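S.K.: Sequence:
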Amino acid sequence: MDSPYPSCFARFYDLIYSKIRPDIDTDFFLSRIKSAKGPVMEVGTGTGRFFLEALKQGADIYGIDISPAMLDVLNARLGETEKSRVGLQDIRNFDTGFRFILVLAPFRVFMHLANTVDQLIALNHVYDQLLEGGSFIFDLYIPNPALLSSGMNEVMDFEGEYTPGNFVRRFVTSHSDMISQINHLTMRFDWNDGKLNFSETWNSELRFFFRYELEYLLQQSKFNSWSIFGDYHENPLSATSKEFVVVCRK
38 MDSPYPSCFA
48 RFYDLIYSKI
58 RPDIDTDFFL
68 SRIKSAKGPV
78 MEVGTGTGRF
88 FLEALKQGAD
98 IYGIDISPAM
108 LDVLNARLGE
118 TEKSRVGLQD
128 IRNFDTGFRF
138 ILVLAPFRVF
148 MHLANTVDQL
158 IALNHVYDQL
168 LEGGSFIFDL
178 YIPNPALLSS
188 GMNEVMDFEG
198 EYTPGNFVRR
208 FVTSHSDMIS
218 QINHLTMRFD
228 WNDGKLNFSE
238 TWNSELRFFF
248 RYELEYLLQQ
258 SKFNSWSIFG
268 DYHENPLSAT
278 SKEFVVVCRK
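Here the working numbering runs 37 ahead of the position in the sequence shown, where the first position is 1.
Honestly, the hints are just simulated from the structure, not real lab data. Please note that a few of the clues may not be correct.
FRET-style restraints, in silico, Cβ to Cβ [what the hints assert, rightly or not]:
1. 154 to 252: 16 to 24 Å
2. 189 to 153: 24 to 32 Å
3. 182 to 256: 39 to 47 Å
4. 248 to 154: 20 to 28 Å
5. 225 to 200: 32 to 40 Å
6. 51 to 254: 12 to 20 Å
7. 182 to 273: 19 to 27 Å
8. 130 to 256: 21 to 29 Å
9. 109 to 231: 19 to 27 Å
10. 190 to 145: 20 to 28 Å
11. 153 to 231: 42 to 50 Å
12. 274 to 189: 19 to 27 Å
13. 127 to 181: 28 to 36 Å
14. 248 to 201: 45 to 53 Å
Because the structure is a prediction, the values reported are computed rather than measured. Note that CB positions come from ideal geometry on N, CA and C, so glycine has one too.
Let the hints inform the model, and build the full structure from the sequences given.
M.R.: As structure tokens, then:
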């Protein structure tokens, strides 16, 4: 698993993703949480995009993340009694002392597991943390061959005002290794605070998957039942699908 999200990423995360990913998956995950008949675990809870709304709606939800910076942002938004619901843990070995009816890993969390060994460890550990009849739901992007081949070079995918008169810009560079199926990402954040200018760079890796490889991986796990959908409306996979939405059942 690659390095945790840094403080600059956590600081501007909500601002950036509210613009570049507005509510694509929100209804899907929140409806799953709402209908869960028992405790829910969100893996990669981040700054609380789903977690906070689920709590507001009365869900019995818990969360983990491997990034202290992301959890710092989330904890600042939680009451003292709610902070015990989140912790710094890893999908491969998290332990709360009880089991869940639903485990979620939204927005590419699973893609941070670069090798098959870690992927199977994660799948099997989640299985062990589920109650009988429980589900594990995660999503992955479907690779775009043209984009994988061409990559991106210093593309500014966000520019916005984070406080009056102060702006942040994000630049993305990516290239893919087709043999290891790793997308190497570099994100540069440039921002000003009054007359002072700042810049920080973060490198990350995402492991991309193809359909039959994903099916084979699931076959090797402890899960004996699963579905792979092509979007957050649970439509079948098609030539126009952009997401793998995976629902595994215990």
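S.K.: Check each numbered hint against the structure and report the violated ones by number, ascending.
M.R.: 3, 5 and 6
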